[in-house]
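Colleague: Assembly of the complex is requested from the two constituent chains, each provided in isolation within its own frame, with the hints serving as guidance.
One line per chain: the protein sequences are A and B, in this order.
Be aware that the first sequence starts at 851, since it is given in the working numbering, and climbs by one per residue.
Be aware that the second sequence starts at 65, since it is given in the working numbering, and climbs by one per residue.
Source of the hints: derived by calculation from the structure; they are not laboratory data.
Covered stretches of chain A, going by a simulated chain B footprint (3 or more residues, C-beta under 8 Å):
1) 876–888
2) 976–985
3) 1111–1123
What follows is a list of derived Cβ distance ranges for each label pair:
4) A:D1142 <-> B:A168: 52 to 62 Å
5) A:Q1087 <-> B:R259: 30 to 40 Å
6) A:D972 <-> B:G193: 41 to 51 Å
7) A:W980 <-> B:I66: 40 to 50 Å
8) A:D924 <-> B:A168: 28 to 38 Å
None of the values given here were measured: they were computed from a predicted structure.
All residues carry an ideal CB built from backbone N, CA and C; glycine is no exception.
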Amino acid sequence: MSEQTSSPSSTAPATGTARVKRGMAEMLKGGVIMDVVTPEQAKIAEDAGAVAVMALERVPADIRAQGGVSRMSDPDMIDGIINAVSIPVMAKARIGHFVEAQVIQALGVDYIDESEVLTPADYENHIDKWAFTVPFVCGATNLGEALRRINEGAAMIRSKGEAGTGDVSNATTHMRKIRQEIRRLTSLPSDELYVAAKELQAPYELVREVAATGKLPVVLFTAGGIATPADAAMMMQLGAEGVFVGSGIFKAGNPAQRAAAIVKATTFYDDPDVIAKVSRGLGEAMVGINVDDIPVPHRLAERGW
Amino acid sequence: MIIGVLALQGDVREHLSALAECDAIARPVRRPEELDSVDALVIPGGESTTMSKLAIDFGVLEPLRKRVAGGMPVYGSCAGMIMLATEVLDGRPDQQSLAGIDMAVRRNAFGRQVDSFEGPVEIDGIDGGPFHAVFIRAPWVESVGDEVDVLGRVTEGPGAGRIVAVRQRNLLATAFHPELTGDLRVHRYFVEMARAADMTEG
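Only chain B is shown next, with the shape it has when bound in the complex (with noise of 0.2 Å):
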């Protein structure tokens, strides 16, 4: 099994390494072409709209969409995150996403890069005390569909209580940096979801 990571722009490398420490095989995947070549995706922390813009301009949005609607599993951090949902909110009016998670996103939801934070978020289904996330001008996520789980809010500070991590189905997402804080949990939740699936598949 092998999981690309959408390298358009953003942080790659670390979710790269983030994968290889998880010992999944990972590659960056900027054509359709790679597209076709991996079982499961992560799409980065970066910035959505010239993630979008590069996407469309090198064909790579309507391949994604469809292996996102064919139950590829995918995991967005930040931009991820605005990547996959349904809705994006304070967008750009042309920005396109993947629509896979039933859920509208509110694009730098938390503000500025003064506001920017690393604190603790507990996630369900991840074990060992909270998870410490860095959020950077992140998004969050303002309702979900009925299909969609929510696996972890703020709890502490200013954005208490706001959505900060998902999954629907294959899907799963988060508006926090796992990838920048050398705590493999979500990863490695992620490489067991991908795997899970790709047994399914046979």
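With the rest of the complex left out, here is chain A (with noise of 0.2 Å):
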């Protein structure tokens, strides 16, 4: 069977579709995806049983403490992170950036978080993804905003929470946020869903396979001020089906110990003896800020449309 050709009905082999896009999302689920800022970083990460890394030039809580327009990464940067493990590995391009993720495509990152972490580059419009062979992540905080990205090209979506804080409250607010309007939907009858898309501000299509499924037609993971065993576990409870720790980890006492915490705690999310075991002895978790001492105008979730 080897050499011939098989049937006709058969197609070339095609990359990029949009199954092999929301696929490897699939794979990365009950994961942790780990901030990185050095190809050191990314070992500990990959050491602590990370599924992925994401590789970019400041935490989101150094970002938020130095102030100024946050970018994509140095390409050399990203090219040590790559060299540096055998885990997929993210980076972030700013919102509407497609030249920045053009750069990140050509460099052979799995997959491009379009992230309100960094300072738009957009304030209209977001990154045609369907555009892209790689596929890209994107945050939201409630249903409408999940699906305009989906209908973009989205491949995966992340609960945003409020980044570089701490503070989960926000990442609990998005995610119920999200869970309980696909809920809502699910029990509508279908001539309401007209309205509902409206409502939604998002697409009629996209709303209608929600209201069938239950579910977002792509992965949904959590992020934004996840800092500890049970923050991660409790977001798993919610409904998220995965975990991205930015600051959390690096910014703690000790990185590699709670890392590998986390990610246990994500597997056994529903196992309270098991997230009391991993949670002994982790040091101090990063300081944090509290969500409501962040003036409006400084808050990264409210980033994107």
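Modeller: The structure is reproduced here in structure tokens:
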């Protein structure tokens, strides 16, 4: 069977399809994706059992502290991280900055995060993500925002939370909101879905699909403010399919141990004995900032529309 | 007969629903005692280094090795194929596998995510035409021992000729993800394998 070409009905291999892009996110489920700024941190993350790393220039806590315009990482740094680990590598592009995305794709990164953590490059349009072979993950605070991103080609969604705070409250709010709006759609008669789509400001076809299946058409992770194993487990119990941890690991006392603990708590999210066990002796968590203390114009989750 | 799906990480839900559609009773397995209660196991797609680490940390690796050596039917897709191999190429130095199928599997052999693809694969023993296979940062089988049956190879494209489906006695592995396609033929094949083994054991 080896050398013969198969039956005429078969098609040639295709890359960059929606199935291949969304499927990649399916493989990350139940896992933890960790922000790293150096190859050394990437190694620590991989050693701890991360399913992927997110390469960026500064973790959100530092972006917040230092201010200024925050951009895509230096390609040398991304290369260094790609070479340091064997797990998938993600990288962030600014909202709407399609050239940063082109560069990141050319570097061989496995997933692009069009991220509100960086300074937006376009205050009206997000990137046309269908135009890329590499898949995209985007943040969302509610279902309408998630479906608009999916309509633009996002192959994975993460709830936003408020990055760089160590305060999980916004992650909770956004995950609950998305799940609540999905549940509401499933309860509506079909003739009310048109208005539901209008209210969500989302395409009717996607609204109808969510109403029928009771889930997003792509994988839903959580992000923003997760700092402890219990934070990660709570988000999983609230319906997240996996966890992004940003500043929470490398701004904490013992990153390697904390990273491994968050990985275990994500797998055994429904087992308080395991969560208790891995939460012991982790040293100090990141100090953190209460989201309420951040003036509204400085809140990252408000970016993106 | 109950079929478990190793649920340490990965696309567990897709395998559970594919097995349910094949009229098998399926449940997730994360702990040694849960492994004891199943007659066969699916190892899903996911990140093999993460699965390996969690399997060690939670005491599942050794019991799994014993069950595999004892003849339990196991099907592994992608990361699951890596877990079943006797030799893992391009893995992590501390990566552990179940050493079930006598083969060398190269991790991420087809390339990074931009090289992930879908396309046809002919599989021996599965009727109904080529299988539309989804490969995601997929491994391939670089070499096999005498007791391993090669069931499928990539038929077209840059990876043409590469081995992507194998069977050794009660162990089945594919480099691709039938659980993502809605085509149940590979899962049916495995459920039949598991039922046959169950009958033999009595």
